[in-house]
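There are 2 protein chains.
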Amino acid sequence: MEFNKSYYAVIFTSVRTEGNHGYSEMARIMEDTAKGQPGFIGVESARNDIGITVSYWESKEAITAWKKNSEHLIAQRKGQKDWYKWYKVRICKVEREYDFGSL
Amino acid sequence: MEFNKSYYAVIFTSVRTEGNHGYSEMARIMEDTAKGQPGFIGVESARNDIGITVSYWESKEAITAWKKNSEHLIAQRKGQKDWYKWYKVRICKVEREYDFGSL
Numbered sequence: 001m002e003f004n005k006s007y008y009a010v011i012f013t014s015v016r017t018e019g020n021h022g023y024s025e026m027a028r029i030m031e032d033t034a035k036g037q038p039g040f041i042g043v044e045s046a047r048n049d050i051g052i053t054v055s056y057w058e059s060k061e062a063i064t065a066w067k068k069n070s071e072h073l074i075a076q077r078k079g080q081k082d083w084y085k086w087y088k089v090r091i092c093k094v095e096r097e098y099d100f101g102s103l
Numbered sequence: 001m002e003f004n005k006s007y008y009a010v011i012f013t014s015v016r017t018e019g020n021h022g023y024s025e026m027a028r029i030m031e032d033t034a035k036g037q038p039g040f041i042g043v044e045s046a047r048n049d050i051g052i053t054v055s056y057w058e059s060k061e062a063i064t065a066w067k068k069n070s071e072h073l074i075a076q077r078k079g080q081k082d083w084y085k086w087y088k089v090r091i092c093k094v095e096r097e098y099d100f101g102s103l
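Protein chains in written order, with the UniProt record's numbering: chain Z, 1 to 103; chain S, 1 to 103.
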């Protein structure tokens, strides 16, 4: 399927620290909060040695608002250095997509 | 770290079929082939219920060449329907990035 309406993807790649340090609760709150943000489209996530979470958004403004909100949530808690050894965030414009099969 | 040089990401999200059907060998060949393609920058991959593989490329032309090459490789073998119930490919322009920590 080709498409005409552009949207944005945030690729979040990370390597966790050892132990939980409240990570699971935080991840759940972050996901619930993202889903309630204006302009949120969806999220996909998988983790082995590295974790990849891709969230999809209607606009760059929606991403900026989500970033501000999530930084505030993190600041209220332990902070990123307890959960992550490393992470990288890429903000991308989806220019083309196609799919195969069905779920 | 902010950056000025734009590049592209291909987000490949998939749900596998049951069984291997030569998938592991294929995945290895595909990865080796990608790494040998002009314009290849890197690849990150994780799988739980869904798999997410993100490959990074210098240009859209490099992605087009890789797509043609990978379709040819798949056609020589069993084909995507044996390996995947569903997949989605998104071709994206990376507009901004930042990272935290080190590996």
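Just to be clear, a hint being listed does not mean it is correct.
A pair counts as met if it fits within one copy or between any two copies, since identical chains are not told apart.
Below, a list of computed lysine-lysine pairs in the DSS-like style, where the Cα atoms sit at most 27 Å apart [stated by the list, open to error]:
| no. | residue 1 | residue 2 |
| --- | --- | --- |
| 1 | LYS81 | LYS35 |
| 2 | LYS5 | LYS93 |
| 3 | LYS67 | LYS35 |
| 4 | LYS68 | LYS88 |
| 5 | LYS35 | LYS60 |
| 6 | LYS60 | LYS93 |
| 7 | LYS68 | LYS81 |
| 8 | LYS93 | LYS68 |
| 9 | LYS5 | LYS60 |
| 10 | LYS35 | LYS88 |
| 11 | LYS68 | LYS5 |
| 12 | LYS5 | LYS85 |
Think of the hints as simulated: they come from the structure by calculation, not from any bench.
Consistency of the hints with the structure:
no., hint, in the structure
1, LYS81 / LYS35, "within (24 Å within a copy, 32 Å between copies)"
2, LYS5 / LYS93, "both (11 Å within a copy, 15 Å between copies)"
3, LYS67 / LYS35, "within (13 Å within a copy, 33 Å between copies)"
4, LYS68 / LYS88, "within (17 Å within a copy, 29 Å between copies)"
5, LYS35 / LYS60, "within (16 Å within a copy, 31 Å between copies)"
6, LYS60 / LYS93, "both (9 Å within a copy, 13 Å between copies)"
7, LYS68 / LYS81, "within (18 Å within a copy, 42 Å between copies)"
8, LYS93 / LYS68, "both (19 Å within a copy, 23 Å between copies)"
9, LYS5 / LYS60, "both (14 Å within a copy, 19 Å between copies)"
10, LYS35 / LYS88, "both (21 Å within a copy, 21 Å between copies)"
11, LYS68 / LYS5, "both (25 Å within a copy, 25 Å between copies)"
12, LYS5 / LYS85, "between (36 Å within a copy, 26 Å between copies)"
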